[in-house]
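J.: Those protein sequence lines, which keep their order, are chains B and R.
Using the numbering used here, read the first sequence as starting at 1 and increasing by one per residue.
Using the numbering used here, read the second sequence as starting at 1001 and increasing by one per residue.
Take every hint as true, because none was put in to throw you off.
Calculated cross-link-like contacts (lysine to aspartate or glutamate; reagent style EDC-like; alpha-carbon spacing at most 20 Å): (1) K1046/R x E245/B; (2) K1278/R x D1246/R; (3) K1046/R x E227/B; (4) K1046/R x D230/B; (5) K1592/R x D1219/R; (6) K1046/R x D232/B; (7) K1038/R x D235/B; (8) K1540/R x D1141/R; (9) K1657/R x E19/B; (10) K1038/R x E224/B; (11) K1038/R x D113/B; (12) K22/B x D1658/R; (13) K1035/R x E218/B; (14) K276/B x D113/B; (15) K1425/R x D1446/R; (16) K1035/R x E227/B; (17) K270/B x D286/B.
Partner residues aside, some chain R positions facing chain B, computed with beta carbon under 8 Å: (18) A1034; (19) T1036; (20) K1038; (21) F1039; (22) P1040; (23) L1045; (24) K1046; (25) L1048.
Bear in mind the hints are in silico, worked out from the structure with no lab data behind them.
None of the values given here were measured: they were computed from a predicted structure.
Positions of the beta carbon are idealized from the N, C-alpha and C atoms, including for glycine.
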Amino acid sequence: MINLSKAGQLAGDLGLLLEAEKVAHSFMKGVHGRRRVGTGEAFWQFRPWQPGDARRDIDWRQSAKRDGARAPGSNLAVEHGGAFVRQTEWEATQTVWLYRDASTSMAFGVKKDYAETLLLALGIVLLNGGEQVGLLGTDLAPQTGYPSIQRLHEMLPAQIHLAERGRPVAGRSHVVLISDFYFPVEGLAEFCEKLAVRHVSGTLVQVFDPAEQSLPYEGRIKFEDIEGQDTDPLDVPQVEAIREEYTQRFIAHQKALEDMARGFGWAFEKFSTDVKPEAALSQLYDVLSVKK
Amino acid sequence: MMFDDVTFLFPWILAALVAVPVLWWLLRVMPPRAKTVKFPAFFLLKGLSTKIKSAAHTPWWLLLLRCLVAALFILAFAEPVLHPAEDLPGGSKGDVLIAIDNGWASAGHWQERMDKVRDTLQQIKRSGRPVIFLPTAPDDDDGHVRSYGPMEAAQADEWLNRLKPQPWPAAHEDAAGVAQKIAGEQSVTHAVFFSDGTTEDAKESRHLLKFMNSIVMDDAVNNPVILRQSDDGNYSLERLHGEAQDKPVEAIAYTTDNNIADEMKVNFPAGQTELNFKWDMLPEVRNKTSRLAVSDPAMASAVFLANAQWRQHPVGIIADTTQRENRNFLSEVYYLRRALEAGSHLTIDHLDVLLKMPVSALILPDSTALTASEKNDLSKWVQDGGFLIRFAGPHLAAAGENDPLLPVPLRSGQRTMEGAMTWEKPVHLGEISVQSPLYGLPVPQDTTVTRQVLADPSPEVFEKTWLQLEDGTPLMTGTKMDKGTLVLIHTTAGPDWSNFCYSGLFVEALQRMVSLSNGISSYKAQTTLPPLLLMDGFGKLSAPDSRTVAKPLLPGDDFIPSPQTPPGLYGGAQEFQAYNLGDALPKMQALKDIPASVTVESYQKTGEVDLKQTLLKWALLLLLLDTLATLRLRGIMVFLALMLCNAAPAQAALEAKDLASGLYLAYIETGDQDADRTSYDGLTGLSEVISQRTTAKVKGVVALNPDTDNLAYYPVIYWPMTERQQNLTMTAANNIQNYLSQGGIILFDTRDRQFGGEEGQKSTPGARKLRELTQSIEIPELIEAPKDHILTRSFYLLDNFPGRYDGGTLWVEKEPSPRHDAITSVIIGANDWAAAWSKNENDRSRFMIEPGGERQREMAYRFGVNLVMVALTGNYKADQVHTPYILQRLGQ
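My request is simple: use the sequences and hints to build the entire structure.
T.: Structure (structure tokens):
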């Protein structure tokens, strides 16, 4: 019986992986040919120079080919169509650390499944792109190559807390945190700051249930904390009356998260679970490819 | 005010009404329970104002509702009574004796009588006194008058339901004896007698009345009727009182199987108590009649049962026994059999066998040859009262001159009206003269006679002619022969000499003649007659049950109705004797001279109304309303609604990918829940059959809305017509048109047994609906499915396409497009297939397959399999049309 239940569990887990594969696969089909020009060289595109770009990044030859090239640093205003910066798509040794929140609050609706699907799908896409992928907060060393997704999948349950345990995050790597972020921003900011000072870039991905955004209940409802931290339930006589105020708070919280992320030069993305994971992945990938 | 005279039986319960305001207060304090939600973003909610507290209270209307419910319950249990009657005399102590007339005279207006008794019981119930019942007619269990009780009033109600009127007279003397005994043993403080207004013997009735305090009787309610047959065959009605106005009385003659054979309306003149009337029934109707009854009142004395002789007219055809099953259209016996088998008990056998049986009429066709001694026997039988019908023909024409069994002397030879050597034309039938026994039967205009035998002209021939031809020659002659009758039809019983045998007159004349024959009454005088069917008090016949004390009768005994010999039919199934209550009853006597000590009451009801039931009903209704409201407040309604939605055929939303990957059967949703469920069940049933018997595996059944769904996934769509179906939108029509032009197949089912293709004519509702719905769709030209249509052999070989009904025409495309494999894209029929395909237990009983039962259901499945096969394989099977030719060629 135990074996049987294990097998069922395994099948369920595999289902998750398959779902992630599906999501990733449908997305990668779109990437092919568009994103990967050439034969996998690091070169991605030229773009006009912008203040803040390192001088060594300028492709002088390319800049010379085009009209109106100006040396950066000269007193002349740099106009559009001046120097061109050579961009590569990825840095070959980029490590992306993935994390999904496993707290009780994620058990509301399909948030947890959604987060894990997103995480694994992202993992697949990244591994396929030749990146190193690690699981934040676990002892697993960053993995390379597509087959390692199995190992990521197996280790996923071990990822429990967002803490600085497990493998240390090397500098200049990237973290992706998937959670509902239902806790005060301050605690998170502290965590992010520690990473940011080591030049770790990051993306905060908020996954939430539509009900959490719109509070669609009616009449008298007794709200309890799903995490059980707050033992006092909140008795709301008429949910309609507080809905607007709540929605404002919800948006304010998202704004605070976004501002916090911006402060570290990180990105913030938010997905309702009724958004297709494919769409979410695509958007996330866009953000990551710009961020790196 | 209308509640002026409301009395509460338990007024002290009303004190509980004080508690209602307390309830109000309690309910106000306790708000409805809130629904709990475990919420993740709780920290965001925290601190939000929960200022509006008032809604936490029960809404005022709910409070009011609940208090009302409580108040209604309290009021109901206080047992309010509207217009209460006065209490019975005799105080609240002691027993109440209720004597009830339940003899034959009480059956009329029995219900009114019982209503009054129940009224009285209500009054007794209030004082809590026990009741003793005393029915005055002897009990059908043991044949004695006996009393029941004492019992509680509640029990009495039940007992009263079982009390029934008996078809024999009440025995007031015996009842008086029982009453005396009761008076000695019990403390009866009040005795009331519900009388039917009649008495068998005034003295006996007075004895009974001695023990009574009051009597309930009413001329309007007590007016029994007796129907009798007098010796001259007329009928008489007798009633107890003459009524103030003329009263129409309806008498009805019933056949054995309870169909109405004849009706008669007579007028009972005002003030009279007796009425004689004559009822002339056609002989054939009289033969069928098993009983006569007055429609109102329904009572045993107003029913007259007919004796067996009335209707037993067995007929024999003298012929070879092999003729019994003969289906030869030239055979005489065939036509005779067809004419007689419906109306009479018919035997076909040799003469010697028939003569030993009780038959009242014999038919001798010309094809049967009899020896001289047989003719002798037959002649003797006729003289003894038999009825012989003879047909002429070649045999008789050849040897007719000295045949003894002829009503009129015949000329030798035959008369031929049509032939090579004659200019005469076939002759039509003439009139039936007034003195003929056949007078009144319609003469068909198109019947002609080509050959006949001719009677030797003599004055008496005219008198003996029952039916003649246009030119005056007799076609049917008959004469009395001692007690019997002899009839000759001067042509054949088959079509050789005339087409008389095809006409309605042939059948009617034969039946009329058979009914003219003497009935058979052949039960032996010495046998006893066991009870066959016994009458109850209301004049209904039923087979005696095992508890009956009814005993066999001896023929010739005087019939006295009693528990041992109730009126009814006695004897065997074929030979029985009717014993009628009316014949055994003397003239009715009204119960008069009521002693002064007995109060006389009428059957007028007291008009007491018990309000308890009404109040309880309302209270429960409000309680239900309250429950619903509470559920609504707690948000559980949504859940309930979901449950209800789920009860509809569960249809998982299927992804396009799934639909394309397997075979799904589909039907158009009509909006009529019943029909949709049937469609779903039907297609599910068909799917099972297809999956079991063929290699096609059906994955599921899908309901379609042509407006929004993509139809392209389904090879065939079932579309039942229902009244409620909405007309198609433009999108829907386009979708369907596309589907059809891409090679889809739609089976339209008008579900109404018949679908006429022609406009206007036989326009059934289903067909009308179909036309309405398909207005915007281009339906190709249709033809009836030909015998060799692909649908008849794509999997099974079929002759027709039955569903729940059989026989409706199936219409298919006349010239199917070669683009579609030359397969019809539209199939229209009316046989309600889904109902036949359904395997759902409920549906099985819901839809009886007509007329063919399980076999027809199987055929319906086969049609379904064929249909799906056509949809899946196209004209694959149609190619095999050429198989025989190919095989033939190979052989050569």
